[in-house]
Amino acid sequence: MKDFKWGMRNGIPIALGYVSVSFTFGLMAVSAGMGWWQAVLISMANLTSAGQFAGLDIMIAGGTLVEMALSQLIINLRYALMSLSLSQKVDKTVNTFSRFVIGMGITDEIFAVAMSRDRKVSRNYMFGLIAVPYIGWAGGTLAGAVVGGILPEMLRSALGIAIYGMFLAIIIPKARESSAYMKVIIAAAVLSCAFRWVPFLNKVSSGFVIIICAVAASVIGALLYPLPEE
Amino acid sequence: MKKIMISLQMFFLHLAVMAGVTYLIRAVPLVLCRGEVSNRFLRSFLAYVPYAVLGAMTFPAILYSTDGLASSAAGTITALVLAFCRKGLLTVALGACAASFLVKAVMLL
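Chains as they are written, first to last, in our numbering: chain L, 1370 to 1599; chain G, 103 to 211.
Just so you know, these hints were derived from the structure itself, not from any lab.
Just so it is clear, the structure is predicted and the values come from calculations on it, not from any experiment.
Take these hints with a grain of salt, some might be off.
Claimed, not checked - Each computed EDC-like pair below joins lysine to aspartate or glutamate, with the alpha-carbon atoms no more than 16 Å apart:
#1 K1543/L - D1477/L
#2 K189/G - E1478/L
#3 K1489/L - D1460/L
#4 K1461/L - D1372/L
#5 K189/G - E1546/L
#6 K1489/L - D1372/L
What the hints assert, rightly or not - What follows is a list of derived Cβ distance ranges for each label pair:
#7 V1515/L - A207/G: 24 to 30 Å
#8 G170/G - R1486/L: 40 to 46 Å
#9 L1570/L - L211/G: 38 to 44 Å
#10 G122/G - A1430/L: 18 to 24 Å
#11 E1522/L - L182/G: 22 to 28 Å
#12 L182/G - R1486/L: 27 to 33 Å
#13 S140/G - I1555/L: 27 to 33 Å
#14 V183/G - V1567/L: 25 to 31 Å
#15 G170/G - I1504/L: 30 to 36 Å
#16 S140/G - V1573/L: 34 to 40 Å
#17 D1487/L - L134/G: 23 to 29 Å
#18 A1481/L - V130/G: 19 to 25 Å
Claimed, not checked - Just some of the chain L residues that point at chain G, by a computed CB distance under 7 Å:
#19 T1417
#20 A1419
#21 A1438
#22 N1445
#23 L1450
#24 G1472
#25 G1529
#26 Y1533
#27 L1537
#28 S1561
#29 S1587
For each residue, glycine too, the CB sits at the ideal point set by N, CA and C.
Chain G extracted, bound-state conformation (with noise of 0.2 Å):
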């Protein structure tokens, strides 16, 4: 992985815009509106948003996420299945992470 060299003064910076903006988004509506959000545009495209960010963030984000392509297809194969099965948060992600690293062990063999 690449390192940074970030200086302590654009650390803060960077910590107190990313912290800022997030802690904005959420605490807005709930102080500010005890009304429904009515329009069906805006309704339907917030709700597409989140699942459409994780899916852009994770292809093809998680075939680089290991050290080689063979361990990182494993773990996206049996995070697939594990999903479509249904399984919990921690079950699918230490799945993948279990799968992935009996294939790089293998391939030391």
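Extracted from the complex, chain L is given alone in its bound form (with noise of 0.2 Å):
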């Protein structure tokens, strides 16, 4: 019980976090056209920033269930090498059960801050650090849902910038500490506005757009800049 706590404490700056970023996906979804519950339904489902924005582009573009799929595949294959460290971290509290219950609630920033225990976790450490955050992702989609379209429309404009200022607060300190990292950044972004503003290029779906500037710029990384033997 006592690690339930502590997961919870460490939980809530995630979660405060989450609010502002759910808020929006609360806000867009409806505004472009879904039900509140809808928007509820997709946040409680995936807890997922970056893959549910692309997800809600797909559904608003009416793309394919391949699309999809492979949209969240790359966006969030990131996961699959958090969950790998993360089974490097659990201690033997953490039974088979557990594990499928913790797989839902890897995001970024969970991850983060479980790594940067001293010690290795536990599972009520980990269900209380789930806990928290996830109820601040669900609750601020609904949020978002419900009283978004009361905001003026001026302050909804405004809040469309969140999430990437989120995304930018996740690369921009990892470019500054490693160059290897800027310059794969760099090669993403660069990809990805060659994708919007070149004619031909531009005819591209989003979806595919992100897996392909993605898989690009981190294969070059990968062969150029690989990381270091273990």
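With the hints as a guide, bring the two chains together.
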């Protein structure tokens, strides 16, 4: 129980960040024509920012299920790596059943906080660490979907940039600390701009653009700047 | 923003695919793998992927994220500066919103 409380306490700052971003998600989903319950259902079933925004784009654009599956696979592939690392970090209270539960709650921030603990993490700690951000994510979506519409248009428009601000808060510090990551990020961004602005290339649908840019930039990075041997 | 008229059936199909793929990616390695990834290329590729994804999702979309280039640009620059100073997710996100809101308000005067 003590571990659960510690986990919850560590989860509070994550939840606060999630509320603002999921608020935007709820708002965007509803202004695109979805019901509030659909927005909340997406958030409760996915708990992932970039993936949900891309998924919403695909639904809005009337994309195919293949496009949806591929875009989620590529955008969320990072979770596989985190899931792998986390499997080395959990202690023996984490049995097979709790691995299935914890799997639902692996996000960039939850992963980062869990890995920053100076010792192995227990099942109860992980449950607490996941529960609070999960409630924040679902609750923020509900709030955005329900009351987002009564916000003045100017404020709603300004909130649209929140998710990208959060993305920058994740990639810029990494680029500062490693020039290899910086080059990979710049390569991906330049490619993505090309797909928006260059004739013919801009015909490719947005789900695939992210897949192509991310895979190309990461392959270049892995070939030119492989991580040091362990 | 474009409006959608997605049927309930398509919505649930999309939701199932989206949630199913996302869940399997997260749960399967944790449930199955108890050893380390040793392939150096794969390890490097997986390490770069999240940042490449976010880079591609952010640019150039951030420039179109509010309903005017000036307000988007102001939010982008603010977010870049705050992120460079290693501010937290919430600070950077709200800072970007505040900057684009202010520019919008000033332009209306």
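Problem set entry | List of violated hint numbers, smallest to largest | Every hint satisfied by this model.
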